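Student: These protein sequence lines map, in sequence, to chains Y and S.
First residue of the first sequence: 0, per numbering that gives the first Met the number 0; consecutive thereafter.
First residue of the second sequence: 0, per numbering that gives the first Met the number 0; consecutive thereafter.
Simulated from the structure, these hints should not be mistaken for laboratory data.
Just so we're clear, the structure is a prediction, and the values are computed from it rather than from any experiment.
We put the CB at the ideal spot given by N, CA and C, even for glycine.
Check each hint, because a few of them may be wrong.
Which stretches of chain Y does chain S cover? Using the computed rule of at least three CB atoms under 8 angstroms from a CB of chain S, they are [to be verified]:
id : stretch
1  : 61-73
2  : 113-127
3  : 135-143
Calculated lysine to aspartate or glutamate pairs in the EDC-like style (CA-CA distance at most 20 angstroms, straight line) [to be verified]:
id : chain 1 : residue 1 : chain 2 : residue 2
4  : Y       : K48       : S       : D207
5  : Y       : K154      : S       : E281
6  : Y       : K31       : Y       : D44
7  : Y       : K154      : Y       : E141
8  : Y       : K154      : S       : E12
9  : Y       : K154      : S       : E24
10 : Y       : K124      : Y       : E102
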Amino acid sequence: MVATLMQTEPAEDIGVLYAQHHGWLRGLLRKKLGCAHKAEDLAHDTFMKVLVAHAGTVLREPRAFLTTIANGLLVNHWRRLDLERAYLAALEVHGPALCPSPEEQALAVQSLCRVDALLARMSPKASQAFLMAQVDGMTYLEIAGQLGVSERMVKKYMAQAMHQLLVADV
Amino acid sequence: MSESRTDGDALREAAQWFASLNASEAGADQQRRWRHWLDADPRNAQAWQRVEAMRQRFADLPTQVDRRVASHALRHARDGRRRSLKTLGGLGLLAGTGGLGAWLAQADADWQPWAGDYRTGTGEQRRFTLADGSQVWLNTNSAISLRQQGDRRELHLLRGEMLVAAAPNPRRPGQELQVSVAQGRASTPGARFCLYRAGRRCQVAVFDGRVDLLPANGSPGRALRAGQQATLTDSGVETVRPVQALREAWTRGILLADDMRLADLASELARYVPGHLGCASEVADLRVVGAFPLAQPSRIYDALESALPVRVSRYSSLWTQISAR
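Please put together the full structure from these sequences, using the hints given.
Tutor: Given below as structure tokens:
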């Protein structure tokens with residue numbers, strides 16, 4: 000493996016990193032995403048993340064490092080697509096009466112992504128109960144009926160859910 | 000107010016109160032008892048503020064999306080979680096972030112104000128919050144002690160590795176947090192930095208802010224800024240160089256190998272596993288790259304076996320050897 004020497008100034012670091020690896024990363028991403036435009040976006044975001052979060056770090060194997068960061072962004076990307084698709088399906092189901100503009104749709108998906116990320120911190124049963132309580136506005140009795148558990152269990156799930164949300168917030 | 004209550008207890012209780020008050024039958028009596036709990040300890044009020052803030056993050060959703068639409072979307076998006084085929088291939092790279100959250104969530108430690116020693120066993124990691132809001136992560140096989148010395152917050156790293164996110168004190172901006180080791184000390188009004196003691200050398204890596212190093216032997220001190228790392232020895236401050244991401248990645252449950260010698264990786268991993276983990280000399284110089292999950296050493300061994308010409312022999316639960324295949 001070839002060791003890549005870097006200067007110590009962060010701005011120069013990122014310039015060299017970009018020049019040497021941007022094309023390669025974009026190529027890899029294009030294969031995975033099937034879209035040159037999206038690949039360019041994600042490649043750009045990857046370098047931005049390196050610049051913001053890891054400035055000054057000398058990388059002796061930059062490609063592995065870039066790959067790790069890009070993977071995180073890829074996972075978010077796929078998740079966002081899942082949510083977008085589900086959102087559009089939900090709009091169809093709940094009637095054409097709601098006619099959100101493209102801007103409203105974009106904001107809606109963004110909101111959903113944020114909430115989804117929070118729900119991901121919880122165990123599956125707790126996240127179901129929490130979703131029903133906080134988004135659907137169901138009572139514990141109703142949730143208990145849906146999940147086939149006691150009201151007492153629902154209360155436990157709620158406490159668990161909130162606790163898991165809080166401890167993951169560093 | 001009980002002295003043995005911890006910060007973690009306040010959070011747990013706050014979560015319980017959230018669940019109780021959210022129930023439809025919660026009445027005036029519950030409210031009264033909740034207020035009594037709030038007043039009983041300032042940590043309770045702080046924990047409750049965090050509950051409120053978290054609740055707010057969900058309350059914003061209906062302003063952006065119709066409730067039924069949101070509910071439907073969140074439920075039905077739950078299915079596409081397995082994405083390993085759609086991420087970039089590589090050695091030991093993690094395909095998702097869910098597992099790490101769980102690893103961190105268990106690092107909830109007992110907290111006693113400015114007293115006592117804190118220890119972790121092999122493979123154990125702990126995270127806790129100090130009275131001033133600073134956060135401390137303690138890595139495997141480590142021990143620290145804390146005390147308040149007049150105006151100064153002092154930690155002493157007895158053994159192992161710690162990372163501290165020192166919060167500046169808004170009421171006393173100049174007040175410093177100090178971490179000491181036998182070879183000297185590191186102080187800062189606010190920074191995020193790691194200390195790793197190995198033998199008579201202590202590496203100090205700064206990720207954010209600025210840290211002043213003062214050697215115990217009286218030789219000149221040195222300021223480290225974000226992105227720098229240095230070693231404190233009996234002779235003073237040595238080897239200032241760029242920071243190793245490895246020295247922070249562990250707080251996220253990752254062993255980050257950035258073109259590392261296999262023997263060095265084995266030494267690093269050995270800190271986290273009980274018993275012996277050795278590496279034969281004929282494979283010692285193989286290079287490793289990747290982000291490995293510290294909570295699952297067997298996945299690391301599998302990844303090494305699939306990427307390198309090595310065999311990881313597990314002779315017993317306490318004896319593992321990496322050798323040539």
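Student: Run every hint past the structure and note whether it holds.
Tutor: A quick look at each hint next to the structure:
1. 61-73: holds (count 8)
2. 113-127: Since three or more residues must qualify, the claim that chain S covers the stretch 113-127 of chain Y holds, with 7 doing so at under 8 angstroms.
3. 135-143: As far as the stretch 135-143 of chain Y goes, the hint holds, because 5 residues have Cβ atoms under 8 angstroms from chain S.
4. Y:K48 to S:D207: holds, 15 angstroms
5. Y:K154 to S:E281: Distance ~58 angstroms between Y:K154 and S:E281 Cα, so the pair is violated.
6. Y:K31 to Y:D44: holds, 16 angstroms
7. Y:K154 to Y:E141: holds, 12 angstroms
8. Y:K154 to S:E12: This hinted pair holds, its Cα atoms lying about 13 angstroms apart.
9. Y:K154 to S:E24: Within the cut-off at roughly 12 angstroms; holds.
10. Y:K124 to Y:E102: Violated, at about 33 angstroms.
Violation of the numbered hints given earlier is confined to hints 5 and 10; the remaining hints are satisfied by the structure.
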